[in-house]
Amino acid sequence: MNFENTLNKYKQKLIYHDLNRHIKPIRNSYQYFIVIPVLNELEYLFKTLNSINNQNSELLKKTLIVIVINNRVDSSIHIKKNNRLTYEKIKKCNFEFEYITLDYFSNGNELSVKKYGVGVARKIGMDYCLQFATGNSLLFSLDADTLISKSYLQLITKYYHSSNFNTCIVKFLHQKSSNPKIEKAIRLYENILYDIAYKIKQCNSPYGYVSMGSTIICKVKAYIAVGGMPQKSAAEDFYFMQSLAKFSKINFLNKNLVYPSPRLETRVHLGTGFRMLQYNKNDKFIDLSFTDRCYDSLKKLIDFVDSHYKISYNLFIKELNKNFDYNICNFLSEHNFENIWDKINNNAGSKKQFLIFFHQWFDGLKIMKFLKYMNK
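In our numbering, each residue's number is its place in the sequence shown (first place is 1) plus 2.
These are calculated hints, taken from the structure and not from any lab test. The model shown is predicted, which means the values in this text are computed figures rather than measured ones. We put the beta carbon where it would ideally sit given N, CA and C, even for glycine. Accuracy of the hints is not assured; some may be wrong.
What the hints assert, rightly or not - Here are the computed distance ranges between Cβ atoms for each label pair:
(1) Asp305 to His80: 51 to 61 Å
(2) Ser78 to Leu367: 29 to 39 Å
(3) Asn111 to Tyr328: 51 to 61 Å
(4) Gly110 to Lys371: 36 to 46 Å
(5) Glu45 to Asn282: 15 to 25 Å
(6) Ser164 to Arg29: 20 to 30 Å
(7) Val75 to Phe306: 49 to 59 Å
(8) Ile17 to Gln355: 27 to 37 Å
(9) Asn30 to Leu367: 35 to 45 Å
(10) Ile17 to Phe326: 40 to 50 Å
(11) Tyr196 to Tyr311: 29 to 39 Å
(12) Gln33 to Tyr311: 40 to 50 Å
(13) Phe5 to Ser180: 39 to 49 Å
Said to hold, decoys possible - 27 Å max Cα-Cα, derived BS3-like pairs, lysine-lysine:
(14) Lys178 to Lys283
(15) Lys203 to Lys312
(16) Lys302 to Lys234
(17) Lys201 to Lys286
(18) Lys82 to Lys49
(19) Lys302 to Lys324
(20) Lys201 to Lys378
(21) Lys312 to Lys353
Please build the complete structure, drawing on both the sequences and the hints.
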C-alpha cells in the first residue's frame, strides 16, 4: 500500500472539510493519538482525562489527546448547555498531556441532523489527527466515561513495538455499579460477550473478538485503508472492527486496561447502556443467547468451505445437504451464496486467497445473522 496515495484519496472523501479551522497542536507530528467523542459528559469526562493524566510521562509527550465536543443542531438546551460548560471547564484545566478540543457544539458548528452520532464524532477526531501522523502512528479510540489503567499506554505501546500490529483490542472490565442488579447484569453481560467471541474464534472465524469502541487501537495506515470510521450513529465500533478484520489480523492484549461505565442510558442502540436497561426491565438480555448446536453448525460450515476449494456449487450444496442440517443450506440460499461461491472461486488464485474472500463475505454481521437463524 502506497501510504501517501491512499491518504490523499481518503482526504478527498472527508465528511467535514473544515478541519483546518481548528487550532493546531504544538508539534508537527505525534506517535500516538487518543480520540474522545464528548456529548453531555460534564459529569464523567474529567475522570477520564485524569486517568490519562496518570500515564507514563515520556509516552504522554508523544501523544495528542483530541476531544470532540459535539451535538446536533436540534439537540436539547440541556445538552448544549452541558457541552458549553464542559468546554469552559476544560480550558481551565492543567494536564500533563497536550490536548486539542474540537468544537462541534457551538452555534454554527453543530453536527447536522443527517451527519451526527458517536461514529461521526470519532471519525472527525481521527480525521483531524491525520495531518499530524505518519502511517505507523497509532489511533486510540476512547469514550468520555471510560477510565484507563495507569499502564494503558505503556503496555499497549510495548506490545505494538513487539508485534507491529495493524489493529489491537484490549481487555475491558466495566466499572462497578452501585446498583446491585446492574452490577450483576454488567458482569453477566461481559461474560456473554467474551463467550460469544471465544466460541466464534473456536469456529476458525477471524471475527472472534468483542467490538467495543473504547478498546480499539489501530495504525493510521489501517484506518485509512478501510475508509476510516463508519458514519453511523450506532454500532460504529462493530462495523469499524469488521472492516479492520477484513484488512488484517486483529491482535488481542489480554490485560484489563479499559474500564467502561455501566450507566443506564440508551444514547446508542444496542450499546452497553441499552443492554443494562434491557436487563433491568426483563431480567435477561434479548438475542444474546445461542445454543452449542448453533456454534457447531457455524464451525461445520466454515470447515466444510475450507475443504471444498474449487468444486462446483452444485456439488458443494449436494455434499452439504447430505452431511449437515438443511437449515445451513437454507441460510446460504437466502443470502445468494451460489453467486458468491462462483465469484470467489473464479477470482481466487490460491486456497488461501479463496478463504480470505469467503471470510470477507461471511463477516461478523452475517455470522450473527447465521447464529440467530440457527437458533430459531
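| task | Please name the hints from earlier in the document that this structure breaks, with their numbers sorted from lowest to highest. | result | Hint 16 alone not satisfied by this model.
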